[in-house]
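Top line first, the protein sequences correspond to chains S, E and D.
Going by the numbering used here, the first sequence wraps up at 402, each residue one higher than the last.
Going by the numbering used here, the second sequence wraps up at 903, each residue one higher than the last.
Going by the numbering used here, the third sequence wraps up at 314, each residue one higher than the last.
To be clear, the hints were calculated from the coordinates, so they are not data collected in a lab.
Fair warning: this is a prediction, and the values are worked out from it, not measured in the lab.
Mixed in with the good hints, there may be bad ones.
Listed next, the in silico EDC-like pairs over lysine to aspartate or glutamate satisfying Cα-Cα at most 20 Å (straight line) [said to hold, decoys possible]:
id : chain 1 : residue 1 : chain 2 : residue 2
1  : D       : K140      : S       : D294
2  : D       : K140      : S       : E393
3  : S       : K291      : D       : E66
4  : S       : K323      : D       : D138
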Amino acid sequence: MRGLRSDTWGKRKLQLLPLHFASASRCTAKAGAFAYATLALLAFPVHSTLAQIKIGAVTCLTGALSTFGISSIQGARLAEEDVNATGGVLGQPIELIVEDNESKAGEATTITRKFISQDKVVAILGDLTSSATMEGAPLAQAAKIPLLTPSATSVAITNIGNYIFRSCFIDSFTGKVMARFALDRLKAKQAIILTDVKQEYSVDLSDVIRQYFTENGGKITNAISYSSGDTDFRAQLTKVRIAHPDVVFLPGYYTEAALILRQSRQLEIDCPFVGGEGWDSPALVEIAGKSADGNYYTNHFSAADPSPRVQEFVQTYHAKYKAVPDALAALWYDGARLLFQAVQRAGSTDSAKIRDALASTRDFDGVTGRISIDENRNASKPAVILRIENGEMKMVQQITP
Amino acid sequence: MSRGPLSLVVALLVCLVVSLFGENFIASNFAYYYDILITIGINIILATSLNLVNGYTGQFSLGHAGFMAIGAYASGSWSNHLDPVIFGLLGGPTNPLATNVGLFVSMFFAGVLAAIAGFAVGVPSLRLKGDYLAIVTLGFGEIIRVAILNTDFLGASRGLSVIGSYTNLFWTYGSVVLCTYVVLGLVHSTYGRGFLTVRDDEVAAEAMGINTTKYKVLAFVVASFFAGIAGALYAHFKAFITPEGFNFFRSVDVVVIVILGGMGSTVGVTVAAVLLTILPEGLRALAHTQFVPPAYQGLLENRLILYSLLLITLMLTRPQGLFGERTASKERFSRSRGN
Amino acid sequence: MDRLLEALQQLVNGVSLGSIYALIALGYTMVYGVLRFINFAHGDIYMLGAYSGYLLAPLFAHFFKFGEFDTFTPQNTLFILAGAGLIMILSMAICAVIGVLIERIAYRPLRERPRLNVLITAIGVSLFLQNMTQYRLGADPKAFPQLIPVHVVEGLGTLTVLTSQLAIILATVILLIILRLIVMKTKMGLAMRALSLNPTACSIMGVNNDVVISFTFALGSALAAAAGILVSMDSPSINPLMGNLPGIKAFVAAVLGGIGNIPGAALGGLIIGILETLVIAIGFPQWRDGIAFAVLIVILLFKPTGILGRVEREKV
Chain S
2 MRGLRSDTWG KRKLQLLPLH FASASRCTAK AGAFAYATLA LLAFPVHSTL AQIKIGAVTC
62 LTGALSTFGI SSIQGARLAE EDVNATGGVL GQPIELIVED NESKAGEATT ITRKFISQDK
122 VVAILGDLTS SATMEGAPLA QAAKIPLLTP SATSVAITNI GNYIFRSCFI DSFTGKVMAR
182 FALDRLKAKQ AIILTDVKQE YSVDLSDVIR QYFTENGGKI TNAISYSSGD TDFRAQLTKV
242 RIAHPDVVFL PGYYTEAALI LRQSRQLEID CPFVGGEGWD SPALVEIAGK SADGNYYTNH
302 FSAADPSPRV QEFVQTYHAK YKAVPDALAA LWYDGARLLF QAVQRAGSTD SAKIRDALAS
362 TRDFDGVTGR ISIDENRNAS KPAVILRIEN GEMKMVQQIT P
Chain E
565 MSRGPLSLVV ALLVCLVVSL FGENFIASNF AYYYDILITI GINIILATSL NLVNGYTGQF
625 SLGHAGFMAI GAYASGSWSN HLDPVIFGLL GGPTNPLATN VGLFVSMFFA GVLAAIAGFA
685 VGVPSLRLKG DYLAIVTLGF GEIIRVAILN TDFLGASRGL SVIGSYTNLF WTYGSVVLCT
745 YVVLGLVHST YGRGFLTVRD DEVAAEAMGI NTTKYKVLAF VVASFFAGIA GALYAHFKAF
805 ITPEGFNFFR SVDVVVIVIL GGMGSTVGVT VAAVLLTILP EGLRALAHTQ FVPPAYQGLL
865 ENRLILYSLL LITLMLTRPQ GLFGERTASK ERFSRSRGN
Chain D
-1 MDRLLEALQQ LVNGVSLGSI YALIALGYTM VYGVLRFINF AHGDIYMLGA YSGYLLAPLF
59 AHFFKFGEFD TFTPQNTLFI LAGAGLIMIL SMAICAVIGV LIERIAYRPL RERPRLNVLI
119 TAIGVSLFLQ NMTQYRLGAD PKAFPQLIPV HVVEGLGTLT VLTSQLAIIL ATVILLIILR
179 LIVMKTKMGL AMRALSLNPT ACSIMGVNND VVISFTFALG SALAAAAGIL VSMDSPSINP
239 LMGNLPGIKA FVAAVLGGIG NIPGAALGGL IIGILETLVI AIGFPQWRDG IAFAVLIVIL
299 LFKPTGILGR VEREKV
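Same shape as in the complex, but just chain S (with noise of 0.2 Å):
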């Protein structure tokens, strides 16, 4: 039995030691030629010397949020090919930077710095998520470098200075939309609201309505709640039939979403459940199958909508993706143009001149719309409102702001 004597403890390290320290001393050498080879790879300058204007986008390419981003960037790289088609910006041509923020809390703040000090962009995609971009917004504004989402939706983003900006339009806007549709269109007088209580845009677009619901003559029966991850929601959706609403709000996402427009379905709730853009996800349609008709959800975009421009925009990015573009896939792709173009305008890549720029934007021609950037940086574009009809998305009305 080892004791716990000074003596016999000073012994066993003592006869440890010289092990330790050659074994040890061999990891520090095999350590640092590691750490050294990483170093030397971040401090060699990777990107071509060209007369290039340089931009960052940021999104999340892996992780949980990897479809949206995978989206995200496909359109982008769709605008940026598409500006370089037509002989870049200023002359020159224009480099997308894109980096990974993994899905993950942090890593904007390191991509945002590495944007700035090393790539020395001279303007700021993204982010994906209202989270990423208020880490990464800051360190922006700070240096002076524009920024612009393209569709992050949380109000505070564009507060922080007068160098972020947002592409695409905000939870109070969405929220009226839908709010506004409920009264008109579907005639409601009563409504329940289903809030995801994990997600900070389902609880700031449950605000909305409540409150542009209330004020307009409706009553909100009910609030219940939910959390994303949840895949029962019968506990909740049986309060909602004892209360037999005129509208049910579900401004969530569409993973719950699905589950719970099945869900009510099975349990014989036959009024329309109205959404936001959360929604938007051909797995809503795959999961929730039949119980998915006759709801409807407000959306930037419609890949279904008429117009020869955004036609256009759908065949280009079929041709060169294999699929149909989604609604992010459209916001970045405006955004990413909406950039391009303002650079264009400014004339030169100074940031200040860029600013100014990017804050005079008005009647810029999107897929998404007509975008103009308003005195808050915000967009001032228009919404559409679906309808689900047999497993397909159809456009009923376009609300202008």
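Given the coordinates of chain S, assemble chains E and D onto it according to the supplied hints.
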């Protein structure tokens, strides 16, 4: 390590000097490397503190991110509410004395709160062993995260913006020095003997009259304190924190560092922390070069796939990690099978 | 009468949920019984079972007409069940093989090493399975094909029980009976029980421990895969991380019932399922996941051997 407090003071002074003269230069011109440096510091603190629990005391904790979260949110909200007061007293938000005092107070508060949480979690959990302890600590980590997610004044799902004081090299590396000093000091004292005894043979220790619970809880509380400090530094560096940033995968990140470094070797985990912080950035750079076909870029950047393979390979081939002792007891955690 | 009906409704929900946990918990408990080790990656076998079904079903969709039937009728019931049953059996087989492979590659070399090493390896395997699936098949939820028509079962009055819930409960009962037969009446089952008591004596008696352990893994994984298919029939959205939470809850169930004890695992699963449904029913749906952890902490503090478990004396 009998050089004692003198080396601590010297190390702190070095950090102070480097920070005073180099900070602004590095931060403005090499912002990316600055980011990596601070992240390395934070990871060293996390790994060294976890090593005290997992390595020296042999208690496998999977909930370290929970204490980091407590530290981050505590210091974040503390700063948001109390910094204006401190700044008002000390000369305004641009006064370096004011920001540093603000940060120090905030960090200390965070560490203490995390230590209290460590005590609260440790006392009931540490009577469990091995797998059970791992799952319970994982559970507590998740409970902490979900509690924060449901708390409105901490931002809930929106996240919390931390304004005011900012982390700098002095506080980061000063904390690294302090943490290493405390951990090594504990380990090379009678407490350390207690930890190692608990690790090597808990039943024998109890039979000898050692209060194993006391040592286990002590290690846990000290580790939680420093995890809280690391969380505070993290919060003031990223300036925006969300509950998702402190989930199980964050705990796994730290566990991988400890295992790679070698459980029970402070030098090892420090080296491993440096390596595993630089590695993802190196991979990022590698993915952009021409050497990697685009099809595999995603694989390179998928940190978790690589980490999981690293864990499995390490356990199969070199379980003591880079620097760990081969002589670490073989019968840790195995129940005797009733012969 | 209304209250009684609602209680009955929630009981059905709870039993159906609990059956899934029971099936997964059985895998944990059997592996613990023979190896004294918690297979952290077990929850991901459940996920792989669901994905196996997702990938297999299109191959047989044409023949078995998946998704084309709207209701069960006396004529088509057998045909539908045959189709669903085939997919389930194939998925169980695939996951049994995966389970055995994992054991061979990642756990067997570490059998003589400290338990901690295997635990860490198991975490590594779990992460690998999740992230590889995420990488190759996408992180977004996929729609599980409809193997059986899902509708409210006729003839139960106002009680809304879905055919999928009924399928879960019936399938679990059948699988439990088969498991009982295997464990109690076959030589392999006898070897499993012997191994869980004393592995050294077992090998002295001529049992090939390795084969028995592989068989245990295969059995546990097959049950988890069955759970994956059953739950996907009810809730047809699968994603690479779907095994995390049910895995932990099933672990709690196994501990609750007494880890190493097979009837205990089934009992534990049922209890957790019913408790979870109760928590939702009384109005706290956001605590449905927390209740499992709360149960774990309570059980480990007050009765660590579980409801049906034996107290093991640790000899030193």
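Hint check:
1. D:K140 with S:D294: Roughly 19 Å between the alpha carbons, so the hint for K140 of chain D and D294 of chain S holds.
2. D:K140 with S:E393: holds (18 Å)
3. S:K291 with D:E66: Holds. K291 of chain S to E66 of chain D sits at ~12 Å (cutoff 20 Å).
4. S:K323 with D:D138: At roughly 18 Å apart (the allowed maximum being 20 Å), D138 of chain D and K323 of chain S satisfy the hint.
The structure is consistent with each of the numbered hints, conforming to all of them.
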